[in-house]
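Peer 1: For reference, the chains in residue letters:
There are 2 protein chains.
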Amino acid sequence: MTTSAPIRFRVFSLNCWGIRYLSKNCKERFVRIGDLLNQEQLDIALLQEVWCEKDFLFLKKKLSSIYPYSHYFKSGFIGSGLAVFSKHQIHDAFLYRYSLNGYPYMAQHGDWFGGKAVGKVLLNINGLKIHVFVTHLHAEYCREKDSYLPHRVVQAWELQQFIRHTSAAADVVILGGDLNMHPDDLGTRLLRNYTGLQDSFNEAVNFDGCEEGHTHISENPFTNTDNLVPFGGGIRIDYILFKGSGEVDVSCKSLSTTKGPVPGHPFPYSDHEALTAEFLFTPTTKGNGCSERQSDKLPELVNTVNEARTEVKVGLHCAERMCHTAARTGIMGLILLVLELAIAAVPLFALGAEQPFPKASFYLLGALCFAILLATLLLYVFYSMEVKALQGTEDQMRLALSSLQERLKESPKVLSSDHL
Amino acid sequence: MTTSAPIRFRVFSLNCWGIRYLSKNCKERFVRIGDLLNQEQLDIALLQEVWCEKDFLFLKKKLSSIYPYSHYFKSGFIGSGLAVFSKHQIHDAFLYRYSLNGYPYMAQHGDWFGGKAVGKVLLNINGLKIHVFVTHLHAEYCREKDSYLPHRVVQAWELQQFIRHTSAAADVVILGGDLNMHPDDLGTRLLRNYTGLQDSFNEAVNFDGCEEGHTHISENPFTNTDNLVPFGGGIRIDYILFKGSGEVDVSCKSLSTTKGPVPGHPFPYSDHEALTAEFLFTPTTKGNGCSERQSDKLPELVNTVNEARTEVKVGLHCAERMCHTAARTGIMGLILLVLELAIAAVPLFALGAEQPFPKASFYLLGALCFAILLATLLLYVFYSMEVKALQGTEDQMRLALSSLQERLKESPKVLSSDHL
Chain R
1 MTTSAPIRFR
11 VFSLNCWGIR
21 YLSKNCKERF
31 VRIGDLLNQE
41 QLDIALLQEV
51 WCEKDFLFLK
61 KKLSSIYPYS
71 HYFKSGFIGS
81 GLAVFSKHQI
91 HDAFLYRYSL
101 NGYPYMAQHG
111 DWFGGKAVGK
121 VLLNINGLKI
131 HVFVTHLHAE
141 YCREKDSYLP
151 HRVVQAWELQ
161 QFIRHTSAAA
171 DVVILGGDLN
181 MHPDDLGTRL
191 LRNYTGLQDS
201 FNEAVNFDGC
211 EEGHTHISEN
221 PFTNTDNLVP
231 FGGGIRIDYI
241 LFKGSGEVDV
251 SCKSLSTTKG
261 PVPGHPFPYS
271 DHEALTAEFL
281 FTPTTKGNGC
291 SERQSDKLPE
301 LVNTVNEART
311 EVKVGLHCAE
321 RMCHTAARTG
331 IMGLILLVLE
341 LAIAAVPLFA
351 LGAEQPFPKA
361 SFYLLGALCF
371 AILLATLLLY
381 VFYSMEVKAL
391 QGTEDQMRLA
401 LSSLQERLKE
411 SPKVLSSDHL
Chain G
1 MTTSAPIRFR
11 VFSLNCWGIR
21 YLSKNCKERF
31 VRIGDLLNQE
41 QLDIALLQEV
51 WCEKDFLFLK
61 KKLSSIYPYS
71 HYFKSGFIGS
81 GLAVFSKHQI
91 HDAFLYRYSL
101 NGYPYMAQHG
111 DWFGGKAVGK
121 VLLNINGLKI
131 HVFVTHLHAE
141 YCREKDSYLP
151 HRVVQAWELQ
161 QFIRHTSAAA
171 DVVILGGDLN
181 MHPDDLGTRL
191 LRNYTGLQDS
201 FNEAVNFDGC
211 EEGHTHISEN
221 PFTNTDNLVP
231 FGGGIRIDYI
241 LFKGSGEVDV
251 SCKSLSTTKG
261 PVPGHPFPYS
271 DHEALTAEFL
281 FTPTTKGNGC
291 SERQSDKLPE
301 LVNTVNEART
311 EVKVGLHCAE
321 RMCHTAARTG
331 IMGLILLVLE
341 LAIAAVPLFA
351 LGAEQPFPKA
361 SFYLLGALCF
371 AILLATLLLY
381 VFYSMEVKAL
391 QGTEDQMRLA
401 LSSLQERLKE
411 SPKVLSSDHL
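Chains as they are written, first to last, in UniProt numbering: chain R, 1 to 420; chain G, 1 to 420.
Hints are computed from structural coordinates only; laboratory data are not their basis. Since the model is a prediction, treat every value here as computed from it, not as a measurement. Please note: incorrect hints may appear among the correct ones.
What the hints assert, rightly or not - BS3-like cross-link-like pairs, simulated, lysine-lysine; straight-line CA separation at most 30 Å:
1. Lys-409(R) - Lys-60(G)
2. Lys-60(R) - Lys-409(G)
3. Lys-54(G) - Lys-313(R)
4. Lys-27(R) - Lys-60(R)
5. Lys-313(G) - Lys-62(R)
6. Lys-313(R) - Lys-62(G)
7. Lys-409(G) - Lys-87(R)
8. Lys-54(G) - Lys-27(G)
9. Lys-409(R) - Lys-87(G)
10. Lys-313(R) - Lys-60(G)
11. Lys-61(R) - Lys-313(G)
12. Lys-313(R) - Lys-61(G)
13. Lys-409(R) - Lys-61(G)
14. Lys-61(R) - Lys-409(G)
Whole structure, please, built from the sequences with the hints as guidance.
Peer 2: Here it is in structure tokens:
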């Protein structure tokens, strides 16, 4: 750290809904997003759902004078969709792919093919180490019967782990992205309680934007309004979270959201609203950090991890059941195939009897058995991997819980949360 | 950090070759490994290729009095095979799965199914934060024509990234495992130069073990000696690497390897030799760390990253070619299917002509076309993911290079390597 003057730092986050040929007004919207970013002259822009590299390259070119540095995080089949444009040099980039991210056969939801992840870029502004994270978690398609909840909880767990483990040397931590979780959802609490990240919506001195900071609103022409009716017409699922350190005090001066249509155009920037947060980084005397605060939150954290562990166990139970079903169906397919071969062998040995052999049915049934075998084999491999990932997370949670509970016992003695 | 007396810390690492029903003497060897660990009373044991959870649970029970803490890292279809047994409480565990790890259709090599990864556990000994990493990289099946080299280089890149990003707050960093790379291989250099980790074989004051520290020797009855002939009968591919910090000076007092058969038994512990390293952690006055050393190595690091980038590009070229081949074959399969359907449709319309329709050939050919389509689709998805992962790594390398080159220019001014 080589500076002592406060630094103004402006962050932008938007889920761009950039599915070429499927998202409405995709190309025009990227032009408008580029215009907005050039006009706003932010320090860093964190974009999600930039699915097509051509759109990233278009933005890169368009933004090159204001944002000379950029990074596009590649993973999975289509990509992670995560892109960063920065006014400041990006010194390092690192990607963590979530171990669970939906199912490949749920092609209509498409999350699996996106290879969702959390990306990290390192900036150094006047000697301040700024660790900026961008992520996009699995979508929630049905809140009442959310079959992806365990996957999203695992993602939130891995996200907090990644941030905690990789930002120990950070002076400032910023996370922006579409978490697909409401502010009080289990995953959001897990993330905030464990990392100590603060929500810019709660902390901002000035707020200008949609009611209650909603980023997914029913007025949006690209949004299925039916899903939003139970929530009074809008939800807040996009966030800019932040944290200072013992060395730097971070305050959020303002937060704003876009409010519907692009000025002068009939369509909005995306099916989400964009967030812009303004921070002030004030170098402070060492030790004045937010560590004490976190220690107070230990009991709440223990409860949240326990709750998350229960959710992971529910997912594990379900994945194990699916794994067994796949195995059973596969065995049935195998038995059917063996039976068919046995039946086909009968006329072969009964040489005397001259019955016409039903070749067509034989081949059709054989192909069916083979298809069942192949499909169940693939499903078995997939579900086994899901089981392993869920078990692994549950093990990590158990370990973390016993360590947290120990710290809780010691907490009257140990006030500093960076004990470990 | 709350201590000032030197701490003696002993680390064990072994690739256990624990493939149930396939590895020879598997069960007996785990009994002997357990005996050895109980007898040695180490601080931490890092095991690889503990493929079966039952073997982990067996060891956990057997070792419970000396090593009350353990963690088994689960990932992929079979698991990561990584297990840790510790005398000291494990406060946190985190797993990073490598984005590339062989091919699922290379079932005889099996690496893909293993879900290779790097695991991290956190210990706290008298206030010292010890970050211990265990890993196992993709095997090298043919050194002359190593088709997995780009995958291993990507793994080495991700390993160094994971260690660098997650150990900023560590007082001591230890990495143990089977890297499947020789000491001067590109991946080993990349790992050591970038992280500043030191090789206990080079640094140990006392060494007792196989010639030149070999851990994979031709005398081993489980080893295919043909592969080792060009290397004089042994190679060193298992490592215990270490690093101190500004707060703690780490020195390696001794390193030893097992030397063939288990005493009193006709078989060795594994197809690899085990490593045991003894370290001394001496708390030091702040700033006395190894930072200056790394700064001297910047030009070498730039060269190594450049070399790695070239290797990744070679892999990328190959993966792109495979991706195109899969796409072309798939299109051929589709054309064949359409043609067949067209031919089948001819007698349907030519109602007058009464020719016997070759049903059996029709179904067989149809099934073949369908199988081609399905296989090429799966391969296309797989190779696209490989391309994305390689492109992503190359992008990260390019970013890192420009930052390193900048530091190189500044290096006469900036001596501290923890500038970022």
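Peer 1: Can you give the numbers of the hints that this structure goes against, from lowest to highest?
Peer 2: none
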